[in-house]
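Undergrad: Chain residues, written in single-letter form:
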Amino acid sequence: MAGKAFNLTRSERVFNIVNYTLLGLVLVVTLYPFLNVLAISLNDSTDTVRGGIYIWPRQFTLDNYNTIFGYTSLIQGFKISVYRTLIGTVLGLISSSMLAYTLSRPDFRSRKFISTFLALTMYFSGGMVPVYILMRDLHLIGTFGIYVLPGIVSAFNVFVIRSFIDGLPYALQESAKLDGANDFQVYYRVILPLCKPVLATIALFLAVGQWNSWFDTYLYNGNKPDLTTLQYELMKILDSTQQGSAMANANDLANQMAQVSPESIKMAITIVVTVPILVVYPFLQRYFVGGMTLGAVKA
Amino acid sequence: MEALTTNNESVTVKPRKKTGFWRSVIRQKYLYLMSIPFVIWLFVFNYLPLWGWTMAFQNYKPSRSFGEQEWVGLDQFSRLFQDDQFYLVLRNTLAMSLMGLVVGFLFPIVFAILLNEVKNMGFKRITQTVSYLPHFVSWVVVAGIISSMLSLDGIVNQLLVWLHILDEPVQFMAKGKWFWGIVTGSDVWKETGWNAIIYLAAITGIDKELYEAARVDGAGRFRQMWNITMPGIRSTIMVLFIMSIGHLLSIGFEKQMLLGNSLVSDYSQVLDLYALNYGIKIAHFSYGTAISMFNSVISIILLFTANGLFKKFAKESIM
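Protein chains in written order, with my numbering: chain U, 1089 to 1387; chain B, 21 to 339.
Possibly wrong hints are sitting among the right ones.
[To be verified] Below, simulated EDC-like cross-link-like pairs (lysine to aspartate or glutamate); rule was C-alpha separation at most 20 Å, straight line:
no. : chain 1 : residue 1 : chain 2 : residue 2
1   : U       : Lys1284   : U       : Asp1327
2   : B       : Lys81     : U       : Asp1225
3   : B       : Lys197    : B       : Asp286
4   : U       : Lys1324   : U       : Asp1304
5   : B       : Lys49     : U       : Glu1262
6   : B       : Lys197    : B       : Asp207
7   : B       : Lys49     : U       : Asp1267
8   : B       : Lys195    : U       : Asp1327
9   : B       : Lys301    : U       : Asp1267
10  : B       : Lys301    : B       : Glu274
11  : B       : Lys195    : B       : Asp207
12  : B       : Lys301    : U       : Asp1225
In short, the hints are calculated from the structure, not lab data.
Using the sequences and the hints given, assemble the complete structure.
TA: Right, dumping it as structure tokens:
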């Protein structure tokens, strides 16, 4: 590798410089906003108003974090977000892996029908209003169930897991059957343990989806303070000030909002909302890259 | 009833190969136990809402049962097509989805190709890992970040003024004509790295000897990218392109809702938000359903058209 560097032609060298510069720019543009948010969240909130905080706090303090951990609505929102993430992920994993296993069995009589029935859901949706009416008729509005029940089966996830199972040697299932295992035992004892990598990917997708959603809270549970999620609380806090600053002559309102939640506090909440994901995703990277590729090939 | 007869027919046509349907159900009872509950689930949460499309042809009143609803034919649709607001909303939806299609499609390809040319593995891995990061962050957070970066004393204004591109800071988030660009730009920022995964995987599948051969023939880096990498990922590009055309109108509403404000609403309203405002917020359920239905039907037409064009085009160019 190193020896080759001497053989680079002039145009190769120019190309490399341009390429590294461009990608370096992408790196900076992607990372800077996060570092900026972090720096502001760690800066004294009255000092932040003066502006000019880039990637390093000027007056370091943890006060903002202390303050937000005193907001009861945020603590409650955090709990609901954790619950929905855990429950939604577990339910989603069970359902998509079970369904994927049955669809991977070449001898399963209703395989074709169920596959088509499932695949069709990727191309249409009833739309916002019919879904809303359905949720109302099922009495799910104003309940925790609305966070986890509607999304239990996702076609994309099922197909990703199925293509993974398709890649496993079928002989394993056959030998388990010879040993007297029934179809459920094959799924539970043979398939599930082998599927760990793809299940890790799907778990990440499901967990991120659950953790990040805010619109179902907005639409169905906005008036239930004990059921609102962290993202929704953040949305309310960010939204109020954005509206305030956008209206040029509504200075009073803007000031009021700024007093309720200064920039540094908002950024501290943003960090709290974001950190769980930042901690997880780099470790799961090699899995989800594989999972995405599997999904794209088959779907 | 119909399903039953077809089953009987298939049994009589191929009596040797297949055992009776019910017998196989009993034999494969665990497979059915593991799949039927989810089929019912899909039926309830994905297919039942389609039944709700009947509302578009009614003057739906929540208090009445289905038999008591008043049927109005295509009245809701004619009302929709006579509404000036609808055309504004459709314009915004199309503009943002087309911009998203073009830019959101090109950036990941270019990013994947450029990243593939990096020989320093450490730099490559760091860039790739960082590029996924925004994908995992919610739109709520992204909208917060974007509006703080674009605010009057935000970094973008500071940079542009410092570079003398702007004379004085601009309130980007309050200018309607900037809104489409802001939405498209945010989307590129959030999803480029993630969408590049598939292309990077496809590039990995290209035979390395092709590059060797090209280098021996004196091809430079650009020629290699153009004549080997691009054709190598061409089928991936086409498939993804069809899929994104199918989803052209279903661009969602999250970004528009979170980034928009009352000052830019002429540019930020999209079909889904329109359905939300009319259909749910002020309880015009039938009208809202008509909007959603229009959206779905157009999407399906686009998908089939794109697929048909691709088949025709691909036959001529690849085969």
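Undergrad: Could you grab the alpha-carbon distance between B/Lys49 and U/Asp1267 and see if it respects the 20 Å cut-off?
TA: At roughly 19 Å apart (the allowed maximum being 20 Å), U/Asp1267 and B/Lys49 satisfy the hint.
Undergrad: Check whether the Cα positions of B/Lys301 and U/Asp1267 lie no farther apart than 20 Å.
TA: violated, 59 Å
Undergrad: Within a Cα-Cα threshold of 20 Å, do U/Lys1324 and U/Asp1304 meet the stated pairing?
TA: holds, 14 Å
Undergrad: For the pair supplied as a hint, B/Lys49 and U/Glu1262, confirm whether the alpha-carbon distance does not exceed 20 Å.
TA: Holds, at about 17 Å.
Undergrad: Assess, step by step, whether the Cα of B/Lys195 is no farther than 20 Å from the Cα of U/Asp1327, and give holds or violated.
TA: holds, 17 Å
Undergrad: Does U/Asp1225 lie within 20 Å of B/Lys301 when you go C-alpha to C-alpha?
TA: Distance of about 17 Å is within 20 Å: holds.
Undergrad: Would the pair B/Lys197 and B/Asp207 pass a check requiring their Cα atoms to be no farther apart than 20 Å?
TA: OK: B/Lys197 and B/Asp207 at ~17 Å, within 20 Å.
Undergrad: For the pair supplied as a hint, B/Lys195 and B/Asp207, confirm whether the alpha-carbon distance does not exceed 20 Å.
TA: holds, 19 Å
Undergrad: Given the hint that U/Lys1284 pairs with U/Asp1327, does the C-alpha gap stay at or below 20 Å?
TA: violated, 40 Å
Undergrad: CA of B/Lys81 to CA of U/Asp1225, is that 20 Å or under?
TA: Within the cut-off at roughly 13 Å; holds.
Undergrad: Quickly compare the C-alpha distance for B/Lys197 and B/Asp286 to 20 Å and report which way the hint goes.
TA: holds, 9 Å
Undergrad: Would you mind confirming whether the straight-line C-alpha gap from B/Lys301 to B/Glu274 stays at or under 20 Å?
TA: Distance of about 16 Å is within 20 Å: holds.
Taken one by one, the earlier hints fail for this structure at numbers 1, 9, listed in ascending order.
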